[in-house]
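For the record, the sequence lines run as chains A and B.
Under the working numbering, the first residue of the first sequence is numbered 3, with each subsequent residue one higher.
Under the working numbering, the first residue of the second sequence is numbered 87, with each subsequent residue one higher.
Derived from the structure by calculation, the hints contain no laboratory data.
No residue lacks a Cβ here, since even glycine has one placed at the ideal position from N, Cα and C.
Each hint should be verified, as a subset may be incorrect.
[To be verified] As a list, the in silico DSS-like pairs of lysine-lysine whose alpha-carbon atoms are at most 27 Å apart:
#1 A:K58 with B:K272
#2 B:K246 with A:K130
#3 B:K246 with A:K131
#4 A:K174 with A:K131
[Claimed, not checked] Selected chain B positions facing chain A (in silico; Cβ < 10 Å):
#5 V196
#6 D200
#7 A263
[Said to hold, decoys possible] Which chain A residues stay away from chain B? Per the calculated CB distances, all over 12 Å, these:
#8 F24
#9 G31
#10 Y121
#11 I183
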Amino acid sequence: MSDALIETRNLKAYYGDAQALFGIDFHLGEGEIVAVIGANGAGKSTFMKALTGLLKVPGESVLLNGEAIGGLPVGEIVRKGLALVPEGRRLFPSLTVEENLLMGAFARRPGPWNLRRLYTMFPTLAEKKDLPSISLSGGQQQMAAIGRALMSNPRILLCDEISLGLAPIVIKEIYDSLPSIASEGMSVVVVEQDVVVAQGVSARVYCFQEGRVSLEGASKDLTRDQISQAYFGV
Amino acid sequence: MIETVVQGLLLGGLYCLFALGLSLMFGVMRLTNIAQGDLIVLGGFSAIVLAPLLGLNIWATCLVLLPLAYALGYFLQRGVLNRALDKDPLPSLVVTFGLAIVVQNGLLEVFSADPRSLASGGLNTQSLHIGEQFAVGILPLMICVAAVLCTCAMQLLFNKTALGRAFRAVSDDQEVAELMGLNARKLFAIATGIAFALIALAGFFQSLRTTVSPSDGPQLLLFAFESVIIGGMGSFWGTFVGAMVLGLTQQVGFKVDPAWGVWLGHLVFLAVLVARPNGLFPKTKG
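Just chain A, same shape as in the assembly:
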């Protein structure tokens, strides 16, 4: 546990008076791909918001390399190396594809990712770089959203529901690119509703239920019964 790149200890988060997370213990190692699964409203997206600073949480409850980063300003957390691919992609509609990617580089972290490398990985984006981002198809938009996050050269890439609303073949294409991204030591957290996809891509799985971790384990060891028990609580 002590060699975790990022960990949360008893992480609690609130929207006003409503508590959304009830003490999440989570850890992620260097170069590891971990999936977070759970039903709607289980707290997965809230967890992403707490990690990235969009939702303020106590400092000591999120540790990056042992350093307390909970509740820091969003921009500061990005510069420390956390990048989020937000749910629903959320590209900037009035920017072109390339301008969207350049926004990702705003944090100016040094690293292997730049426009040329992204365009090699996603050639369609290179062809459409001068078009408005809203003219892309859903899958292409998702590639652009992932690319935008990579442009900040994060140590940890957080992907929130990147398969939502996409065709299965597109989902496969996007998830196939993750291992090569992680092979260079980048750690990845994927939030998924699709259990099979999540198990396929990750080394370990956390299952959330009503703001708590209901199951944690190596992806290949978890049985369908265990997961449905943890997922639905029945």
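Please arrange chain B on chain A, whose structure you already have, making use of the hints.
Relative to chain A, chain B alone:
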């Protein structure tokens, strides 16, 4: 006929300068600055106060005035307006409305209600003769050229620079922009700073061309508003065209009957609102 059109377009140039700051602040942070008109007047009075200190050199006055206005805008946004920004537009409307009252009454207290103007050293009476019958004032021409240059500059800033990209991104989706490491509050302050510099430039030219008096603000705000709305929110060239339409209409009205100018401008504004509620060249939706 040609003279009316030319005078109308030159007037439109002035209105464009009135409106650009409003267009910028609305475009970046959806903030409608009710104090726009009174701040233009404040800019005019500031120029009148500064000029004697700088040996009545109007260009030196302008050069000193603009950075001061930028600083005022920057710190006003950081200290006050950022706190009023919200998904709900009402708080920022109320705050800038309050600012308008404070500025107007402050000016009245210090300068009395008398109209004043900035001594131009004869610039406002010089003209360019084209043919035998036709002359164009040098100052209105300069104002119009300044309006074109400012519109070009704003458009270039927005489309071609990293700062402009950041402005557009934060206007599109503030939360995601912050996830990229942008500091929205600082960007808003820069935007307001630039808007205030444009406002000061407008006030400077207004006090050169005619007179300013503390009670002028609301009228100027109305012209700025109408220019932005006719042109369509969020587009600088739209604002430019809107200002030209307004200037032209008013001038035609003045030609028909001196009492008709402003009134005809309002009519055309209403007609555009009915025919194209989003303006002629809308960029921003919602």
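Structure-based check of all given hints:
1. A:K58 with B:K272: holds (20 Å)
2. B:K246 with A:K130: Roughly 18 Å separates the two Cα atoms, so the pair holds.
3. B:K246 with A:K131: Cα-Cα ~15 Å, so holds.
4. A:K174 with A:K131: Holds: A:K174 and A:K131 sit about 23 Å apart, inside 27 Å.
5. V196: Violated, because the Cβ-Cβ distance from B:V196 to chain A comes to roughly 40 Å (cut-off 10 Å).
6. D200: Check failed: Cβ of B:D200 comes no nearer than 46 Å to chain A, outside 10 Å.
7. A263: Where the cut-off is 10 Å and the nearest Cβ of chain A is about 7 Å from B:A263, the hint holds.
8. F24: Correct as stated: the minimum Cβ-Cβ distance to chain B is 24 Å, above 12 Å.
9. G31: holds (24 Å)
10. Y121: Its Cβ never comes within 12 Å of chain B, the nearest being 19 Å, so this holds.
11. I183: holds (18 Å)
The structure shown violates the earlier hints numbered 5, 6.
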